[in-house]
Every structure is written in C-alpha cells, then in structure tokens.
Amino acid sequence: MMNYKDFFENALCEAFTKAPFSDDEQMFNIVKERTSNMEKKKLRSKKPAVIAASIAAAAALTVSAGAALNWDINALFGDMFGKKSAEQNIMPYIDTDSPQNAQFVAVENTYQNIGFDYSRYGKELDMSYDGEGYILNLKGVMGEGRVIYLIYDIVFDDENDTLPKEGFTEWEPTCILDTTDNLGRSLEDSLIRKVGNTYTYCSHMTASDDLYGKTLTVDFKGIRRIVPATSVKLDYDYTDIDRYEADFKAEIPIDFESNAPSRNIVLNEPITVYEQQVNGKLKPVDSVLYDMTITPFTCTYSFCTNGKVFGKAECYFTDPITFTFGNGTELIQMDNMTRTDANTDTQTGFLEFDQPVEPDDIVSVTIDGKTIPLK
Amino acid sequence: MTDSELERYIKLYRANVIGAALCYVKNTSDAEDIAQDVFFRLYTYTGTFESDEHTKAWLLRCTINLSKSLLRSHWYKFSLPLEAAGEKAHFDIAESDGLLQVMSRITKRNRIALYMYYYEGYSTSEIAEMTGTNVDTVSARLSRGRKQLKSLLIKERRRSDDELQRFF
Numbered sequence: 000m001m002n003y004k005d006f007f008e009n010a011l012c013e014a015f016t017k018a019p020f021s022d023d024e025q026m027f028n029i030v031k032e033r034t035s036n037m038e039k040k041k042l043r044s045k046k047p048a049v050i051a052a053s054i055a056a057a058a059a060l061t062v063s064a065g066a067a068l069n070w071d072i073n074a075l076f077g078d079m080f081g082k083k084s085a086e087q088n089i090m091p092y093i094d095t096d097s098p099q100n101a102q103f104v105a106v107e108n109t110y111q112n113i114g115f116d117y118s119r120y121g122k123e124l125d126m127s128y129d130g131e132g133y134i135l136n137l138k139g140v141m142g143e144g145r146v147i148y149l150i151y152d153i154v155f156d157d158e159n160d161t162l163p164k165e166g167f168t169e170w171e172p173t174c175i176l177d178t179t180d181n182l183g184r185s186l187e188d189s190l191i192r193k194v195g196n197t198y199t200y201c202s203h204m205t206a207s208d209d210l211y212g213k214t215l216t217v218d219f220k221g222i223r224r225i226v227p228a229t230s231v232k233l234d235y236d237y238t239d240i241d242r243y244e245a246d247f248k249a250e251i252p253i254d255f256e257s258n259a260p261s262r263n264i265v266l267n268e269p270i271t272v273y274e275q276q277v278n279g280k281l282k283p284v285d286s287v288l289y290d291m292t293i294t295p296f297t298c299t300y301s302f303c304t305n306g307k308v309f310g311k312a313e314c315y316f317t318d319p320i321t322f323t324f325g326n327g328t329e330l331i332q333m334d335n336m337t338r339t340d341a342n343t344d345t346q347t348g349f350l351e352f353d354q355p356v357e358p359d360d361i362v363s364v365t366i367d368g369k370t371i372p373l374k
Numbered sequence: 000m001t002d003s004e005l006e007r008y009i010k011l012y013r014a015n016v017i018g019a020a021l022c023y024v025k026n027t028s029d030a031e032d033i034a035q036d037v038f039f040r041l042y043t044y045t046g047t048f049e050s051d052e053h054t055k056a057w058l059l060r061c062t063i064n065l066s067k068s069l070l071r072s073h074w075y076k077f078s079l080p081l082e083a084a085g086e087k088a089h090f091d092i093a094e095s096d097g098l099l100q101v102m103s104r105i106t107k108r109n110r111i112a113l114y115m116y117y118y119e120g121y122s123t124s125e126i127a128e129m130t131g132t133n134v135d136t137v138s139a140r141l142s143r144g145r146k147q148l149k150s151l152l153i154k155e156r157r158r159s160d161d162e163l164q165r166f167f
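For the record, the sequence lines run as chains W and P. Take 0 as the starting number for the first sequence in numbering that gives the first Met the number 0 and just add one per residue. Take 0 as the starting number for the second sequence in numbering that gives the first Met the number 0 and just add one per residue.
Heads up, a few of these hints could be off.
Below, computed lysine-lysine pairings styled on DSSO-like, alpha-carbon distance capped at 30 Å [said to hold, decoys possible]:
id, chain 1, residue 1, chain 2, residue 2
1, P, Lys154, W, Lys248
2, W, Lys193, P, Lys67
3, P, Lys55, W, Lys17
4, W, Lys213, W, Lys248
5, P, Lys149, W, Lys17
6, W, Lys307, P, Lys149
7, W, Lys248, P, Lys107
8, P, Lys67, W, Lys248
9, W, Lys248, P, Lys149
10, W, Lys17, P, Lys107
Label-pair ranges, simulated between beta-carbon atoms [unchecked claim]:
id, chain 1, residue 1, chain 2, residue 2, range
11, P, Ser50, W, Glu244, 35 to 43 Å
12, W, Val194, P, Thr1, 53 to 61 Å
13, W, Asp209, P, Ser3, 22 to 30 Å
14, W, Thr271, P, Ser122, 24 to 32 Å
15, P, Thr1, W, Cys303, 49 to 57 Å
16, P, Thr43, W, Lys369, 53 to 61 Å
17, W, Gly132, P, Arg7, 42 to 50 Å
18, W, Gln111, P, Ser50, 51 to 59 Å
19, W, Cys12, P, Arg7, 17 to 25 Å
20, W, Ser207, P, Thr1, 38 to 46 Å
21, P, Ser122, W, Phe255, 32 to 40 Å
22, P, Ser50, W, Phe255, 42 to 50 Å
23, P, Ser122, W, Thr216, 19 to 27 Å
Derived by calculation from the structure, the hints in this document are not laboratory data. All values reported here derive from a predicted model rather than from experimental measurement. Where a beta carbon is used, it is the ideal one built from N, C-alpha and C, also for glycine.
With the rest of the complex left out, here is chain W (with noise of 0.2 Å):
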C-alpha cells in the first residue's frame, strides 16, 4: 500500500538535494536585510494602486435599496442552473482523460422546472462599482438554507478587446463571497450570458450552516481572462492574462423570508454505497439510507454501514442518484460524495440540484440501480 507522507518526503528531499536553496543561516541573513531595507520596498510595491482604487471604489458605489429596478429576478436566476465556472470549463480541455473529469460527463435530464418563482427566494439589488474599464452592477442575490446565489453583471469599456483569443478563453471574475460569521463556504462563478460587453455572472456560495439573518460580505479583486496553461512551467491547470483589479466591497444583509418548502422523509431503506479507496477504487458497502430532507434548491441524505463508526476524511460515493418527478421526468445528479470529518456512525450527504425542484412533485429516488418511492 502506498504511503502518501513518505512520497512526499522522498520528493522534498529530491528538492533539497538537487536545488540551491538557501541555507537556514542564509535565510535569516536574507530576512534581517529585508527588515532594513523595509521602508524601500513600500516604495516599489504596488500598494499606493490599490489604495487609489479603493478610494475610487468608496467614491463611486452606489448603492438603493426598495427603488424600482429595471431588472426582473426571475429574469435573472432563470439561465444561471447547469452553468460551469471558468475553471471548470477549462479543465476537459488540459486533460480529457483525467478521473477528476469524469464529472463532467453530461447526463440527460428530462426534467424541467421552466415556471419557477425565484422571488420567493430573494431580492432585487441595486450597487454599481466603476472601474477601471468596466461597471460592475450586482443585481439580485437569492438562497435558501446553507446557499445563496448572487447575481452580477460586468460592463467592459468599449475599447477593451473582449474577443476570445487563439484557443479556449474565458473571463472570470475574482470575487469572495463570505459571511460576517466567516461560516465555511465554498464558491464559484459562472459566467450565465454575454451580450456585446456585458458578461453576466452567478457567484455561489454553500456555507455549512444556515445563511439567514446573516449578512454577506462581497469582496471583489478583480477580473481575469482565464487560458489553458500552455507550458509546464506555468501553472499546470491554468493561467491568466489581462487582469483587472479592484477593491470593492459590498455588505449584503440576507433578510429576505425563508419561504422555502422543505421535505423530509425517514427511508430506513438498504442501498449500496461506493467507498473510495487509498488506491483509488471504489469498493461497493451495504449499507441503510437513514433519511432524506428535499428543499428547493438542496437534498442532505445520511446512511450507516453495520454500525461502522467512520473515520475522518472516508468518503463515499452514491452516483448517480436520480429524482423522478410525478409526470415521469428525472433529473439526475451526478458527483455525489459524502464524507465524516470526526468519529460518527452516519455520514451525510450534502447536493445541490442541477436546477430548483418543487420537493413534492418527486414520487421515487433511484441509488445504484435501486429505486426508492419516498410517501
């Protein structure tokens, strides 16, 4: 069985012994000289810009609340489900054949949820940020539970050559989406319509507890134009050009009512679940499917094996696991992966749907082959 922490170290030591790096006698001699020399690299920094965009930024954030909008929320969260990031556009292009793209593998979804009411689940806004080559407006932001959705639109200048270039390009928007709390999160941006010069983006955020009553706090850095590395001495997934940068923040209180239905079902059903190897299999384990809790927009599911008290970091998988609706349609979720982080008997699972689903309208859900009608 392979040990990750001596390949590891045998790497480090190749490192050390084929490198020149400095000594630790060199490398404090090199630090005490930087302390001296301190006041000379504030000089040569960047800083001095950022601080001059930041004070821009504070000048020119406009920010209403409750004013008539120009905009319609459903308008604007009816394109974002089924969109990838940046990043994740561009990894089937690096390596086609790489296991961790196996995600990517499009799945056939016969269901659709055209009429839903996204109102119902947030609110319109209306904060602008000029920059330098581009507006940025944040129009709408929009949850439930553990996620949120925050919708935004860039504006690039005119002049500003917005074109793909040679290969796969596409622009990506540096923005940190957290909560005042600093609850865990996770983020991405997904670029959902471009129109001329107007890029559209989601930034999404899953925090591990609930998000309401909150307040999210937007930092936004910058934009970049995202490309396939294109040499092994850059980076290996990939790298950017053109970036624009900012400093702007945006605090946004998530007080919208929590509106959303939620479903939970006890299933006490028998399901098989994949466990993941050190070696990268996956070994198939029996196990029960305690119960499921089905809200618009998330499923969490938790199961036991045989009274396993599971160790930190076990993953499992359960893919695919497909809904099917009352008028026969399926919408199936793929990349499914619990995990434990401490000693406990159940693991949980935690997915977002492709798109919003109404949770009384599913009649069965389908585990490895196995359907089970949820009453």
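Got chain W sorted already, so can you dock chain P onto it with the hints?
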C-alpha cells in the same frame, strides 16, 4: 520578534514552508522567494502565537496565500527568475525526474490538499480554513489527488526508476 526566535523558527519550519510553496510553483527559485517573504512577514508580525504549532499553521497559511498571489500576478507569467539568467543554477521541478516530477504533475489544488493532509498532518477542516475553501471540497481534492497520484505513479513505473518502485 527577536532575532533568536526568528532563527529558531527558520530552523524548525523552513523545509515545511518551502514544501508547501513547491505545491504551488513549478521552480525552486519561486519557492525560495516565497519562503523569504513568509519569514520576512513572520519577523515583522506584531501578533502573538500560542504555541509552535500555532506558528507553524500561521506560516503555512501565509505560504499558501503568498503562493496564490504570485500565481495570480500578471508579471509572473512573463518574467524570468534571476537564477535563470545564469547567476545561480535554476531548477525547474517539472523538468526534473523521479518523484519530484510526479509530484509536480498532480493538479495543484489536489497536490496542496495531499501535502497538507498526509505530510503536515492537518485535518480536512484545518486545510479548508487555510486554503479558503470548505471541507467537502478538501475531501474531494484528497480523493481525486490520491487517484491522480496513483495513476501518475503507474505511468512512471515503466521508467524503472528505483525510487518509484518503492511505492508498489
């Protein structure tokens, strides 16, 4: 921070900092620059640390942040390190052989997750906090990283490198 404290921390954690930096950058001169920046920040840091472990976690978090900043910077893609100009031997790990090359070919995000988890011994939640992501993402990266490393080692095995053979 006093000179003797700095000296001690360099002695204790220089290798860990360089190791973490090597998970992001592809050549040793950039890793060296990052390490210098990290210890410079430590020296000028005015806060206090509760323990050596706390200091180490701070140093690794700082390494991750500085490495990400370097990779994002516009000039990074178009500038040559000083060593490449011939003043000092420049060592590109992607062009090396053996385990180091294998390590460099693991996807960057997976590589740092594997390194922090298996080599540094941090939990997934600690790694999530350090790398600014969430626990599920770290678990997924660990899982994918293991798969990727295994597959890379199998490919490299054909080169009959003794060092690689030890892992089978």
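Now the hints, each set against the structure:
no. : hint                            : result
1   : P:Lys154 x W:Lys248             : 47 Å, violated
2   : W:Lys193 x P:Lys67              : 28 Å, holds
3   : P:Lys55 x W:Lys17               : 25 Å, holds
4   : W:Lys213 x W:Lys248             : 16 Å, holds
5   : P:Lys149 x W:Lys17              : 24 Å, holds
6   : W:Lys307 x P:Lys149             : 27 Å, holds
7   : W:Lys248 x P:Lys107             : 29 Å, holds
8   : P:Lys67 x W:Lys248              : 20 Å, holds
9   : W:Lys248 x P:Lys149             : 42 Å, violated
10  : W:Lys17 x P:Lys107              : 21 Å, holds
11  : P:Ser50 x W:Glu244: 35 to 43 Å  : 37 Å, holds
12  : W:Val194 x P:Thr1: 53 to 61 Å   : 60 Å, holds
13  : W:Asp209 x P:Ser3: 22 to 30 Å   : 48 Å, violated
14  : W:Thr271 x P:Ser122: 24 to 32 Å : 28 Å, holds
15  : P:Thr1 x W:Cys303: 49 to 57 Å   : 53 Å, holds
16  : P:Thr43 x W:Lys369: 53 to 61 Å  : 60 Å, holds
17  : W:Gly132 x P:Arg7: 42 to 50 Å   : 48 Å, holds
18  : W:Gln111 x P:Ser50: 51 to 59 Å  : 55 Å, holds
19  : W:Cys12 x P:Arg7: 17 to 25 Å    : 23 Å, holds
20  : W:Ser207 x P:Thr1: 38 to 46 Å   : 39 Å, holds
21  : P:Ser122 x W:Phe255: 32 to 40 Å : 35 Å, holds
22  : P:Ser50 x W:Phe255: 42 to 50 Å  : 43 Å, holds
23  : P:Ser122 x W:Thr216: 19 to 27 Å : 26 Å, holds
Violated hints, listed in ascending order, are 1, 9, 13; each of the other numbered hints is respected by the structure.
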